[in-house]
Structures are given as C-alpha cells and as structure tokens.
Amino acid sequence: MKLMTTLLAATAMLALAAGAAQAKQLVFCSEASPAHFDPGPTTGGNDFDASSRTIYNRLVEFEKGGTAIEPGLAESWSTSEDGKEITFKLRAGAKFHTTPYFTPTRDLNADDVIFSFERQWKEDNPWFAYLEGMTWDYFQGMDMPKYIKEIVKVDDLTVKFVLNEPNAPMVANLAMDFASIVSKEYADQLAASGDLAAFSTQPIGTGPFVFSDYQLDTVIRYQAFPDYWAGKQPIDDLIFAITTDPSVRAQRLLAGECDIMPYPSPADIAQLQADENLTVLEQEGLNIGYMSYNTTEPPFDNANVRKALSMAVDKAAIIEAVYQGAGQDAKNLIPPTMWSYNNNIPADTYDPEAAKKLLEEAGVTDLTTDLWAMPVSRPYNPNAQRVAELIQADWAAIGVTANIVSYEWTEYRERGKQADRKGPFQIGWTGDNGDPDNFFATLFSCSAIGVSNYSSWCNQEFEDLIQQAKTTADQAERTALYEKAQEVFKAEEPALTLAHSKVFMPMNKRVIGYKMDPLGIHRFDGVDVTE
Amino acid sequence: MLNYILRRLALIVPTIIGISICAFAFVRVLPGDPILAMAGQHGVTPERYEILREQFGYNLPIWQQYFNYLGGVLQGNFGVSLATKRPVITEFMTLFPATIELALVAMFLAVIIGIPAGIFAAVKRGSWFDQLTMGVALTGYSMPIFWWGLLLIIFFSGYLGWTPVSGRIALSFFLRPITGFMLVDTLLYGNWPAFVSALRHLILPAVVLGTIPLAVIARQTRSAMLEILGEDYVRTARAKGMSPRRVINVHALRNALIPVVTTIGLQVGLLMGGAILTETIFSWPGIGKWMIDSISKRDYVVVQSGLLLIALIVMAVNLLVDLLYAVINPRIRVQ
Numbered sequence: 054m055k056l057m058t059t060l061l062a063a064t065a066m067l068a069l070a071a072g073a074a075q076a077k078q079l080v081f082c083s084e085a086s087p088a089h090f091d092p093g094p095t096t097g098g099n100d101f102d103a104s105s106r107t108i109y110n111r112l113v114e115f116e117k118g119g120t121a122i123e124p125g126l127a128e129s130w131s132t133s134e135d136g137k138e139i140t141f142k143l144r145a146g147a148k149f150h151t152t153p154y155f156t157p158t159r160d161l162n163a164d165d166v167i168f169s170f171e172r173q174w175k176e177d178n179p180w181f182a183y184l185e186g187m188t189w190d191y192f193q194g195m196d197m198p199k200y201i202k203e204i205v206k207v208d209d210l211t212v213k214f215v216l217n218e219p220n221a222p223m224v225a226n227l228a229m230d231f232a233s234i235v236s237k238e239y240a241d242q243l244a245a246s247g248d249l250a251a252f253s254t255q256p257i258g259t260g261p262f263v264f265s266d267y268q269l270d271t272v273i274r275y276q277a278f279p280d281y282w283a284g285k286q287p288i289d290d291l292i293f294a295i296t297t298d299p300s301v302r303a304q305r306l307l308a309g310e311c312d313i314m315p316y317p318s319p320a321d322i323a324q325l326q327a328d329e330n331l332t333v334l335e336q337e338g339l340n341i342g343y344m345s346y347n348t349t350e351p352p353f354d355n356a357n358v359r360k361a362l363s364m365a366v367d368k369a370a371i372i373e374a375v376y377q378g379a380g381q382d383a384k385n386l387i388p389p390t391m392w393s394y395n396n397n398i399p400a401d402t403y404d405p406e407a408a409k410k411l412l413e414e415a416g417v418t419d420l421t422t423d424l425w426a427m428p429v430s431r432p433y434n435p436n437a438q439r440v441a442e443l444i445q446a447d448w449a450a451i452g453v454t455a456n457i458v459s460y461e462w463t464e465y466r467e468r469g470k471q472a473d474r475k476g477p478f479q480i481g482w483t484g485d486n487g488d489p490d491n492f493f494a495t496l497f498s499c500s501a502i503g504v505s506n507y508s509s510w511c512n513q514e515f516e517d518l519i520q521q522a523k524t525t526a527d528q529a530e531r532t533a534l535y536e537k538a539q540e541v542f543k544a545e546e547p548a549l550t551l552a553h554s555k556v557f558m559p560m561n562k563r564v565i566g567y568k569m570d571p572l573g574i575h576r577f578d579g580v581d582v583t584e
Numbered sequence: 072m073l074n075y076i077l078r079r080l081a082l083i084v085p086t087i088i089g090i091s092i093c094a095f096a097f098v099r100v101l102p103g104d105p106i107l108a109m110a111g112q113h114g115v116t117p118e119r120y121e122i123l124r125e126q127f128g129y130n131l132p133i134w135q136q137y138f139n140y141l142g143g144v145l146q147g148n149f150g151v152s153l154a155t156k157r158p159v160i161t162e163f164m165t166l167f168p169a170t171i172e173l174a175l176v177a178m179f180l181a182v183i184i185g186i187p188a189g190i191f192a193a194v195k196r197g198s199w200f201d202q203l204t205m206g207v208a209l210t211g212y213s214m215p216i217f218w219w220g221l222l223l224i225i226f227f228s229g230y231l232g233w234t235p236v237s238g239r240i241a242l243s244f245f246l247r248p249i250t251g252f253m254l255v256d257t258l259l260y261g262n263w264p265a266f267v268s269a270l271r272h273l274i275l276p277a278v279v280l281g282t283i284p285l286a287v288i289a290r291q292t293r294s295a296m297l298e299i300l301g302e303d304y305v306r307t308a309r310a311k312g313m314s315p316r317r318v319i320n321v322h323a324l325r326n327a328l329i330p331v332v333t334t335i336g337l338q339v340g341l342l343m344g345g346a347i348l349t350e351t352i353f354s355w356p357g358i359g360k361w362m363i364d365s366i367s368k369r370d371y372v373v374v375q376s377g378l379l380l381i382a383l384i385v386m387a388v389n390l391l392v393d394l395l396y397a398v399i400n401p402r403i404r405v406q
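Which chain is which? The protein sequence lines are A and Z, in order.
FYI, in our numbering the residues of the first sequence are 54 to 584.
FYI, in our numbering the residues of the second sequence are 72 to 406.
Hints were generated in silico from the structure; no laboratory data involved.
Glycine is no exception: its CB is placed at the ideal position from the N, C-alpha and C atoms.
Errors might be hidden in some of the hints.
[As the list claims (entries may be wrong)] Among chain A residues calculated to face chain Z with C-beta under 7 Å, some are: (1) L184; (2) T271; (3) I292; (4) A294; (5) T296; (6) V301; (7) E310.
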C-alpha cells in the first residue's frame, strides 16, 4: 500500500512537472509592423513574413532555403500538352485554423482555391474591395489577369487553371505570397456578420502557425497549429517583436531579448560575428544592382558607347568600398544561384584605355551626362550616391563628365521610366519567385518599357528568346534559351550589371534548423530551439 | 475669469483651421507620390495609376480635396490609413497611451530633478554645484536624442545589462491592454512582476526624452529664482529675520514657479517632437514612431490627420497651462 502511494505520488509529480514545462518559444525581432494579415493585397516582405509564411499555405511552395517548387496544398499537378491547362490535385484533410473567432466545419477544398484568386481578380466579387482603397498589386504586377482565363472546380479536391497562352513561370507564381489560400467558409461567415475588415486583422489559414494576437507596432504572437497537415511545429510559440532600428535589433539579440533578426546594419556584423552566443548566417541574395543606359538617347543608343562606359567602371573598387565585402561582382543580370545562369559569359573587364579607344571610334568626345543615384539604401545597392561618385571619377579619367542627380524615391523611379530621361540610371531588383523570367521579362522585355524597363531597350532577338522561354515547359530548353539571352544582353549592354549583394542573418546558437531563403522570406516552419 | 477662458477658446478655432491647412499642405509638398509608394517594386501602369488616383480622390482640385478632408474631420472622420486600411483615429487611440505614459514619466523626471537642481544652483550661485548643474544642463540640452538614446542602450543594456534594450514590457508577459497605460494595466491585472518589467522598460526612454526638458526646466528655475531673490520683498523678508528656508520656500519659490509652469507647458510640444526620435530608437509603440513610419510610407492620410491630432493635443495642453497660469497668477485674470 505504501509502495502504491509512493508510486502514485511520483506519477502525479511527474505529470505536474511535465505540465509546468516551459513552452518552447522563438522570438524574431522583425523590422517593421505588418500593414495587416491578408497577404493578397500587401506588398512588403515584412507583411509576408507575418502572414503568408506563418499563417497560410499556397498550392505549391518554394522548397525551404531554395527556389525549387514543391507540393503545398496541392499534392500534385500536371500541365496539359498544349501548356494551357494546369490541374492541381488538392491535399485531402488539410485543416483551417480553429480560433476564438472561427471554427471551421470542413477541410480545405476547391472552393477555397477559387475564392482565393477570384477575390483578387473579379471586380464583381464582393471581396475585391473589402477594405477602403485596397489594391491587389502582386496579382496585377505578375500579370495574372492577362494569363488566367478561368479557374475551374473539377471536383472537391481538383482545380484546373485554364490559361490564355502557355506560361511556364505560372506554377512558380503560384508559390508566391499573394497566391496564399484563404478560407472561403471564414469569408462567408464574416460576410454574414457584415464585418469584412476582420479578414485582414483576424486571419485564418492552413499554415504552420495560428495567429494569436497583435498589439499594434509592438508584438505579434502565434502558436503552433496542432492539426497542421505537415505535422505540428517543434516550437510552441512564435513571437515577432517589432524593432525598427537595425542597431537596436542587434542590441536586443546580444542581450538575449530575441533569438533571430533580419537585416543587420553592416556596421554591426563584426560585433555580432564575434559574440560567442551568436551565429551569423550569410547567403547571396537573389538580387541585382545595375545601371540602366537609356538606349533611345544618343550616344547611349550605340552599344559600343555603352560598352565603353561600362568598361571604364572599376567594379571591384565599388564592391569593396560600397558593399564592404557583402557584394559579389555581377557579370549577368541573374545571380549565380539561379538556374540558367550562364557561367560562360566572360567577366567584365576594367580597361579605361580600351574604353577611351572605343569612345573615339564611336566618335564620342567631350561627353557630358547625368548620372542617377537612388536616394535610398537597398540590399542590392547600399549607397547609390557613393557608387555614383566612384563612377563619376572613373568616367572623368576617360574624359566623360557626369553630373549626379537624385530625387525622392518614388519620384526617382517615376522620372527614371520616362523615355526622354537623360543619362544612366542606377536601380536594382529582388527576385519574387526564383524564375529567370522574373528578371529578364520584368526588367528588359519590350512590354516593360515605361514600367520597369529603365533602359527603354527593346531588342528583337532578346525579346524572342525570353518570350519563347516563357511559353516552353521543358526546363532544359528554357535554360538554353535564357543562356542565349544572356549572351545577347552582354553583347548589347543595355545596362551595366554591378553586383549581387550578400544577406546576413544573425541568430542565437540555440536556434536550430533555420535556413536562409534566397527570396528574402523569413520562414519558421521546422525551426526548433534548444532548451 | 470666464471672459478670459472664452477668449482663449475662441482663439482655438482659427488656430485649428490654420493647422489643418498646414498639415494638409505639408504632406502635399513632400516629394513623392503615395500611389507609387504603395505599388512597390513592380510599379503601376499609367492606366492603373489613373484609376487609383480617382479611387483615392487625388484627381480632384486641391481645394476640393481640402474641404472633403475638413468636412470629414469635423464629423470625427480622420480618414483611413493608406497602408493598413484601418481608421486613423483607431490607430491613434491605440498608440496614444504609450506616448502619454512615456511623456508623463519623462516630464515627471524632468520636474522632480530640474526644479530642485535649479533652486540649489540659484541659491548657491557661483558655487561649483551651480557651475556643474548648468554645465550638465547645457550638455543635456545640446545632446542629439538619437545618439544619446543609442549610447544609453549600449552602456546600460548592452554593457551593464541593467535595463532592457527596447519595448514596453518583457515578451513573457502577455497582457491585453485595458487602459493602454502599461504601468496602470499591470497593476489592474495585479501582476507585480509585470509592473516591475514595465517600469524597467520605461527608465531609459524616459531619461532620454526627459533630458532636454530637464535641462530647460533647471535653467529656467535658476534664472527665475535669481530674479526673485533680488527683489525687495525678499530682502525685506530676510531683514525681518525669516529663516533662509522659509524665505525661499514661501516667498521666492511660489513666484519663481510661475514662469516655470509656462516653460513646462511649452515643453509638451517639444516632448512630442522628442517622442518621435525616442520612440523610434526604443521601438516604443507610440504615435511618434507611427508618424515616422507613415512619413516613410507616404501615408498621406495618417500624416495629415496625425499632425492635426497632435497639434490639437499640444493646443489643449497649452490652454490648460494658460488657465493654470491664470489661477496661480491673479494679475493675468485682471488683465
């Protein structure tokens, strides 16, 4: 009897001890407050970190730490012979979150998928403008209305995307944040109650974490979703502690107030690397900093002049002075981590003498031009003003006078797009979906002139290659086409490709399994912490 | 007195109209376009740009935009944030308590240190204490807030580990706001450790925000005190054999505090300005940080309504100070 009592007491104590065990918690010092939690209409990386990558899933997902596409809410998909139909087979039993404000009565089905896109697409959909002045920038920006003809429910677990023309990057587009799958049942519940705005403040998804609370500009709390289709997460609580200043983020990390932080200030990296409790991961960003020549403006309409000017720029000096070790010389438009990167393209040479000669041959003397410097710091170009000064000095050495001009950021881009812009224009790009089309077509297709083709460059050979690659399903064929396109690009030099930057991610050593993402996403599924 | 109050209240109306025009004009002279700022790196096509301009009413003549705005404000509608799509007034009311709490504690520190320091410096005029106090005050007044904040964080939070780096309370406390004032809420919850945590989080930002007002108050108190100490009635009081303590506390201080109260009132406007920087450094979720974030996002609606709301509050505080001034200084009432 005595033994029995002791055993019972021991069992009770063990149970108590287990109950009292600390929940595993991961604190991410995020860089900005999210606009809200609906990933469809938002555009910021911080918005996506806080919504689409925590709360939601997509039909297909980017592999963790890469850009390859893998199954998400769709277990499998197939493309028709003519490339105009993509059929997705949905995962059976994928559950939506249960929260104090919503209890789902059914699992994910085709209606949710169709609703997720039609709300962004069809103006007569009651959810198209459910918040005042809202816009679906990514859905529009990725030209989805142009490519999608209709989305058809084949059965409860099968959805077919019918396209107007074959579009190879479409599947990768569907892994992007704006393509997150939302709950139609939840939307219907809110529509019945008349509180549509709650869709953006009290989110419901199928993702690894359930939204728990948001205190404006302060902290976002999530809990692991116990019924997540891929299994419950190793951590119990995920907290975003919003800390806008990068140096303060670093101090919080050093003080142990947070476990992981994005975008450290370059000045803090050495100190963070030196701390014995921290690890600093680094990776090449999926980005490019470049300088667009206006190819419609003489003498920049002459490819030899453009090549001469590029040749006169000492890129190595710029990378050392401006990127401070966090940059890599860009010989192509796309970064080397992206498929179809053409490594046979020779690296740009710095040769002021040859540049001078080329300019003379082209009959260009006493050239005076504007040189545009972005007013903001971006990962792909941390200090465009400094870059401009270095280029100005390099060009002075070959007799070219450059006057540096700059405007407020939106004004800058707006003026940069004008066909009559004077002088070369610094700009850059961060990849959206890991597909080369997202660089080549977005930045240098003929249809992007006036939008994001700052070179106003429309080269038929290049255009044919990238358009063909867009409509070809086979990746090997696409690779060959893009490799060729890079040769044309290099021969024509519509822009000087400056650098791809490195991205740093400092974290406490107790964080396990975090993978840096080339698309700049911060994902915490599969991440664990040691006790 | 009633006449005086009415006169002061009547002055508020043209001031509000003036401020609303300034706030409205200010965001429009800022370079940049809110629609392009919203569009992100993909940009928008010219057709879509026009649609959006119409949707937000930016295609209307500027005077019409202003009257639409003013009409909304008079009905209590301060607009909806372009970025978050939430009503500006809701965001303001959510964040305002954090700023008030910080400003009150900062002002409390400034007053309880500044006034005695000023009095001592005046009484011991020319002593090392006087020179030290005024030297420190001048340094404090000249200190750039951003640099001062970072310095304190690095030393007290980073090096010594005495205070938290930023935020309002340790993340382990999950308390839903009741009043929005963290010190009050933690007490209402009866959560003592949370109260201590909130207090520890307040120290550094309050010191940073309170530094300039402290310096100003100390200098103002000193000079007002010096002036009063030279008055005939003080000399008379002394001649009558009154104790120095009584001369200072009863005769001099009461009169010296009149200009100090005005100074404190004027500091409210400065505190709002200082809060912008302090809140940004310490990730303090108040209206200062909210305004900075909105300016960088070109969120016209938040910036113009936020400016107006802040101006209204500063005006209200100044009105209160004027009235208080009238109460403590009877001569104003007579005038």
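Against the structure, the hints come out as follows:
1. L184: At about 4 Å, which falls below the 7 Å cut-off, the nearest Cβ of chain Z leaves the hint on A:L184 intact, so it holds.
2. T271: At about 4 Å, which falls below the 7 Å cut-off, the nearest Cβ of chain Z leaves the hint on A:T271 intact, so it holds.
3. I292: With Cβ-Cβ at 5 Å, under 7 Å, it holds.
4. A294: holds, 6 Å
5. T296: This hint holds: A:T296 lies near chain Z, its Cβ roughly 4 Å from the closest one there, short of 7 Å.
6. V301: Hint on A:V301: holds, closest Cβ of chain Z at ~5 Å, below 7 Å.
7. E310: Holds, because the Cβ-Cβ distance from A:E310 to chain Z comes to roughly 6 Å (cut-off 7 Å).
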